[in-house]
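Novice: On the provided structure of chain A, position chain B as indicated by the hints.
Read off the chains here:
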Amino acid sequence: MTRRRSTQQRLDPLGTLAAWPLAPLIASIVLCYSVIATVLQQSQIQNPLFATLAVLAMGAAAGTLVIAAQPANAPFNGRMHLVMAALALAGYLFEQFSRWGSNLLVQDDFGPVCIGFLLLALAPYRPWRQIALSGAVASVVAVAVTLPQADSFEVTVPVAVYAIVSATQILAPTAAGAAYSRRIVRSILAWQTDARRAIVARTEEARGQMARAVVEQQVAALKSGVIPFLADLLERGTVTALDIAQAGQLAADVRRTLVAEIDRTWLDTVATRERAALTERGTPGLLVVADPEHRATAFRADQRAATAALIGALCAAPGFDPHSLVVQITGTAPPVKPAPSKARPAQPLPTTAQDTASVPRLPRSSAAKPAPAAPAPAQLDTITIQAALDLPPRKVKALLRPYLGVIRVVFDNVRVTVRRPSLTIEYDSVRDPNDASAAPQAPATPATPAGVRAQKAPRQVR
Amino acid sequence: MSLGLPDHLVKATLSRALARASHWFGLICLAGALLSVLALSVFPPTDRLQVTVAAILGMGALLALLARWRTVPLTIAYLLLGAVCTYLFTSAVLGMPGVFPSSDMFLISLPKMALIMVGGAGSGALIGVLWSTVGFLLAEVAATLAVSQTPVPDRPDVFTIVTYLFLVGVMLLDGLARRTGRTAQPAIHRAVQDDESRILRHDFDVRAIALMHDTTLNQLVSVARAKPGPMTRGLEAGLRETLQTLADRDWLTHVDERTATSAGNDGWLSSAVFRAIDRMRDRGLVVDITGDKESLARLDPQSDRELGLAVQQCLVNVLLHAGIVTAEVVIDADDQNVSVMVLDAGRGFMEAETGSDRLGLRQSVRKRIERLGGSVQIWSRPGAGTSVLLTLPAPPVVASTIAAAAAEEAAEAAETDAPTPVIPANSSDLPPSGRVAPARRSTSSAAGQPANAPTPANTPTPTDGPTP
Numbered sequence: 001m002t003r004r005r006s007t008q009q010r011l012d013p014l015g016t017l018a019a020w021p022l023a024p025l026i027a028s029i030v031l032c033y034s035v036i037a038t039v040l041q042q043s044q045i046q047n048p049l050f051a052t053l054a055v056l057a058m059g060a061a062a063g064t065l066v067i068a069a070q071p072a073n074a075p076f077n078g079r080m081h082l083v084m085a086a087l088a089l090a091g092y093l094f095e096q097f098s099r100w101g102s103n104l105l106v107q108d109d110f111g112p113v114c115i116g117f118l119l120l121a122l123a124p125y126r127p128w129r130q131i132a133l134s135g136a137v138a139s140v141v142a143v144a145v146t147l148p149q150a151d152s153f154e155v156t157v158p159v160a161v162y163a164i165v166s167a168t169q170i171l172a173p174t175a176a177g178a179a180y181s182r183r184i185v186r187s188i189l190a191w192q193t194d195a196r197r198a199i200v201a202r203t204e205e206a207r208g209q210m211a212r213a214v215v216e217q218q219v220a221a222l223k224s225g226v227i228p229f230l231a232d233l234l235e236r237g238t239v240t241a242l243d244i245a246q247a248g249q250l251a252a253d254v255r256r257t258l259v260a261e262i263d264r265t266w267l268d269t270v271a272t273r274e275r276a277a278l279t280e281r282g283t284p285g286l287l288v289v290a291d292p293e294h295r296a297t298a299f300r301a302d303q304r305a306a307t308a309a310l311i312g313a314l315c316a317a318p319g320f321d322p323h324s325l326v327v328q329i330t331g332t333a334p335p336v337k338p339a340p341s342k343a344r345p346a347q348p349l350p351t352t353a354q355d356t357a358s359v360p361r362l363p364r365s366s367a368a369k370p371a372p373a374a375p376a377p378a379q380l381d382t383i384t385i386q387a388a389l390d391l392p393p394r395k396v397k398a399l400l401r402p403y404l405g406v407i408r409v410v411f412d413n414v415r416v417t418v419r420r421p422s423l424t425i426e427y428d429s430v431r432d433p434n435d436a437s438a439a440p441q442a443p444a445t446p447a448t449p450a451g452v453r454a455q456k457a458p459r460q461v462r
Numbered sequence: 001m002s003l004g005l006p007d008h009l010v011k012a013t014l015s016r017a018l019a020r021a022s023h024w025f026g027l028i029c030l031a032g033a034l035l036s037v038l039a040l041s042v043f044p045p046t047d048r049l050q051v052t053v054a055a056i057l058g059m060g061a062l063l064a065l066l067a068r069w070r071t072v073p074l075t076i077a078y079l080l081l082g083a084v085c086t087y088l089f090t091s092a093v094l095g096m097p098g099v100f101p102s103s104d105m106f107l108i109s110l111p112k113m114a115l116i117m118v119g120g121a122g123s124g125a126l127i128g129v130l131w132s133t134v135g136f137l138l139a140e141v142a143a144t145l146a147v148s149q150t151p152v153p154d155r156p157d158v159f160t161i162v163t164y165l166f167l168v169g170v171m172l173l174d175g176l177a178r179r180t181g182r183t184a185q186p187a188i189h190r191a192v193q194d195d196e197s198r199i200l201r202h203d204f205d206v207r208a209i210a211l212m213h214d215t216t217l218n219q220l221v222s223v224a225r226a227k228p229g230p231m232t233r234g235l236e237a238g239l240r241e242t243l244q245t246l247a248d249r250d251w252l253t254h255v256d257e258r259t260a261t262s263a264g265n266d267g268w269l270s271s272a273v274f275r276a277i278d279r280m281r282d283r284g285l286v287v288d289i290t291g292d293k294e295s296l297a298r299l300d301p302q303s304d305r306e307l308g309l310a311v312q313q314c315l316v317n318v319l320l321h322a323g324i325v326t327a328e329v330v331i332d333a334d335d336q337n338v339s340v341m342v343l344d345a346g347r348g349f350m351e352a353e354t355g356s357d358r359l360g361l362r363q364s365v366r367k368r369i370e371r372l373g374g375s376v377q378i379w380s381r382p383g384a385g386t387s388v389l390l391t392l393p394a395p396p397v398v399a400s401t402i403a404a405a406a407a408e409e410a411a412e413a414a415e416t417d418a419p420t421p422v423i424p425a426n427s428s429d430l431p432p433s434g435r436v437a438p439a440r441r442s443t444s445s446a447a448g449q450p451a452n453a454p455t456p457a458n459t460p461t462p463t464d465g466p467t468p
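The listed protein sequences correspond, in order, to chains A and B.
Quick note on full-length UniProt numbering: the first sequence kicks off at 1 and runs consecutively.
Quick note on full-length UniProt numbering: the second sequence kicks off at 1 and runs consecutively.
One chain only, chain A, in its complex shape (with noise of 0.2 angstroms):
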């Protein structure tokens, strides 16, 4: 998303939800102002038909925007922008010719006002610069339909003062809104900055320690086995079939182990995670996670970050079942690749000299990755959360929602359903295939060894 087109609802989502009950009320002064305005102007109604029409386009408006804000339909996009604009346009322009000729005052005519009113609410929702161009375009049309009719008002002064008192009503509380979201915008993005780069000197902080569980953790595997081995061997000078065999398991075992290693995606890593909070806060579970394409992969880290918080809440929750939680990624995207042990089922264990040539090819090269597939019209990744709560349903809600907040402006067609104890919480990602040739970043981050990807010679390292 471009600086350009950030809202506040698209940066800070949570703090977004705490603005919503302002649409609901917006909403409503608008009706009831709409309303009470006709009725009591009834005197200078001429067209009944068209009075009609504007409250209910005004009306429309309204409802427009308390449905595009509601936080299950966020992120409130800008065709329902256009929309609500458009609608209390069209209710304005009824209002006027309802009461053309016969329009004694501008300043009591609902429509600039409501329209103002109706501009100011997007605030946390929309970009700065669409608010203030919807409130100059209205403001523009308040001019254009006011001036014709000078002969009609009441007050005589300049038909100037008149043209200014509507596009006044418009433009005031649309600049309060402009001024809002471009301000909070800007702020959130300034704490972003600072965020982000407190969050990579953590990292660096920890990087020695990092490094240091990687080496240990590759050497304890060998020291069960490989070590000994080849120490033995050496120290003997002499090979013999059973070691021959020997090395060809081993390999083979080796070989497994760094492919399930390369294989592991953030998933697996934040089903791990939960899984150690589960059995440290004594109720040691079952989490499964099941991504036999490598979808996970595709994920932007926004995504990732988003999914392991709901992932993290769910297992925190009062009443979990710690054996319930499953995570699914199915969809209609091409796979990230096909996981290697799948793609070469036959392939049986390296276990003569002849087989174990072939051992030393690490899976994830280049060449496995599938023919780019024709442009399908909507590339999806659909991952299906699934879990027990024992909870009523609306506590379930309540204790999802900020994360579900953060879920929806993430990713597209968030899909919830509780019942209790089942709750299963669906989304989809799509995927840009412009961006399908980026997608498997995460395994190769920079600087990895060419020796993993390429299918070169092996080396040996000194």
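Simulated from the structure, these hints should not be mistaken for lab results.
Backbone N, C-alpha and C define an ideal beta-carbon position, used for all residues, glycine too.
Check before you lean on any hint, since a few could be wrong.
[Unchecked claim] Label pairs and their computed distance ranges (CB to CB):
| # | chain 1 | residue 1 | chain 2 | residue 2 | range |
| --- | --- | --- | --- | --- | --- |
| 1 | A | Leu189 | B | Gln302 | 40 to 46 angstroms |
| 2 | B | Val141 | A | Arg129 | 37 to 43 angstroms |
| 3 | A | Asp412 | B | Val141 | 51 to 57 angstroms |
| 4 | A | Asp321 | B | Thr133 | 49 to 55 angstroms |
| 5 | B | Val162 | A | Arg196 | 38 to 44 angstroms |
| 6 | B | Ile76 | A | Val39 | 40 to 46 angstroms |
| 7 | A | Asp321 | B | Gln302 | 56 to 62 angstroms |
| 8 | B | Thr144 | A | Val39 | 28 to 34 angstroms |
| 9 | A | Ala86 | B | Ala64 | 56 to 62 angstroms |
| 10 | A | Ala72 | B | Val158 | 34 to 40 angstroms |
[Unchecked claim] Using 30 angstroms as the maximum straight-line C-alpha spacing, the simulated DSBU-like pairs for lysine-lysine come out as follows:
| # | chain 1 | residue 1 | chain 2 | residue 2 |
| --- | --- | --- | --- | --- |
| 11 | B | Lys293 | A | Lys395 |
| 12 | A | Lys223 | B | Lys11 |
| 13 | A | Lys397 | B | Lys293 |
| 14 | B | Lys293 | B | Lys227 |
Specialist: Below, chain B alone, put in the same frame as chain A:
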């Protein structure tokens, strides 16, 4: 990245954004008022509106200044000039003979609404409501006075009243509404952090696996392909080299050269101070750490724990200073002491004026550290930030790798040192003016150190120990 605002920034940020919105609302109202006055004075031509034009321009200029610097004097000046302007505007416009039938004209509301939209100094919903209420009352009084001097009948101004009520409603809603998901924000922050760590870890894993592949797996395959019988020279050399690689710390160099060349910092990462800082970072505080982090490993477990809790309390205090993004922690050590300084560029306070609400600082920080024989010094001035220096006695510790004899020697030395109590310097002799208002993201830990703070640069760290 959907990393929303942390709790401690919400109030100030919302307050700034709402003030900005109010100012723009006010400016548009004033622009409307100005244009209307100009239109009215052009046709029919009158002179009486000229003063009003000047007053509106002045009010607009003051509002623009207020939008830039939200200070109390500017707020008050704006309210006063606004009231005068409202009076002039109302009497000038309604004073036009036979034009307006009553006072409840939208035109009349324009300067009044601009006055309500003062968006004054300070953060917090209640202060905002207070300023707006003052603006509303001043506007109503000025307008009523002006209307009473004109023949036009006075009617309640619905526009101003509704605007006022709406603004107050929004400010109360934004300021007082409990943000849903207060716990969710740290969780998401944590998830972003974990993801970042995972990427680095994955990178290390991949490199380790590459090495594993190049050495172990290749060697096993060579053995598997060998012919039974005596080993060839090539195979033997390969095996020897692989075993050597696996035994050596070569691995670490291959996985992460930077770690291999730098000293380990596990002592820092396992210290309670680090964990306290880590918790505060989850809550959205940006903490910069400089200095001799490893020296914290010298603290005994109890001191470590207590120091961690004290640092946490200091950072909680920073969080409570709404609007502060960063704090700085400087760690320092000499032969006898380990000190931690927590600095922020926040609001600051006068220690003499602190009431019972400063229990945290007095109880959780001072008592805690003093019980362990340490000292606490606080420098703070309103508007100039706060610095808290926590010093704890910590005997030099010898590294585990050093020979037993050397260890004994050092232990004896530590014992002889122990009875000498570490007398903390009195805070009065330390006016560290340079540190009271710390520069944000300052990295110089030694430069402006208070007089009693140890300078590790020229003192060899005891952990280096004697060479056997």
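Novice: Take the C-beta atom of Asp321 (chain A) and the C-beta atom of Gln302 (chain B), compute their distance, and say whether it sits inside 56 to 62 angstroms.
Specialist: Check failed, 40 angstroms falls outside 56 to 62 angstroms.
Novice: CB of Asp412 (chain A) to CB of Val141 (chain B), is that within 51 to 57 angstroms?
Specialist: This hint holds: roughly 55 angstroms between Cβ atoms.
Novice: Just to be sure I understand the hint, the distance between the Cβ atoms of Val141 (chain B) and Arg129 (chain A) should be within 37 to 43 angstroms; is that true here?
Specialist: The hinted range 37 to 43 angstroms holds for Val141 (chain B) and Arg129 (chain A), with Cβ atoms some 39 angstroms apart.
Novice: Does the alpha-carbon distance linking Lys293 (chain B) and Lys227 (chain B) stay inside the 30 angstroms limit?
Specialist: Cα-Cα ~56 angstroms, so violated.
Novice: Is the gap between the beta carbons of Thr144 (chain B) and Val39 (chain A) within 28 to 34 angstroms?
Specialist: Holds, since Thr144 (chain B) and Val39 (chain A) (Cβ atoms, about 29 angstroms apart) stay within the stated range.
Novice: Could you check the hint for me, namely that Ile76 (chain B) and Val39 (chain A) are 40 to 46 angstroms apart, CB to CB?
Specialist: Hint holds: Cβ distance 43 angstroms, inside 40 to 46 angstroms.
Novice: Using the C-beta atoms of Asp321 (chain A) and Thr133 (chain B), is the stated range 49 to 55 angstroms upheld?
Specialist: Holds - the Cβ-Cβ distance for Asp321 (chain A) and Thr133 (chain B), about 53 angstroms, lies within 49 to 55 angstroms.
Novice: Taking only the CA atoms, is the gap from Lys397 (chain A) to Lys293 (chain B) under or equal to 30 angstroms?
Specialist: violated, 44 angstroms
Novice: With respect to the beta-carbon atoms only, verify the hint that Val162 (chain B) and Arg196 (chain A) lie 38 to 44 angstroms apart.
Specialist: At 42 angstroms between Cβs, range holds.
Novice: Cβ-Cβ distance between Leu189 (chain A) and Gln302 (chain B): within 40 to 46 angstroms?
Specialist: Cβ of Leu189 (chain A) to Cβ of Gln302 (chain B): about 44 angstroms, so the range 40 to 46 angstroms holds.
Novice: CA of Lys223 (chain A) to CA of Lys11 (chain B), is that 30 angstroms or under?
Specialist: Not satisfied, since the Cα-Cα distance of roughly 56 angstroms exceeds 30 angstroms.
Novice: Could you say whether the range 56 to 62 angstroms given as a hint is met by the Cβ separation of Ala86 (chain A) and Ala64 (chain B)?
Specialist: violated, 34 angstroms
The structure shown violates the earlier hints numbered 7, 9, 11, 12, 13 and 14.
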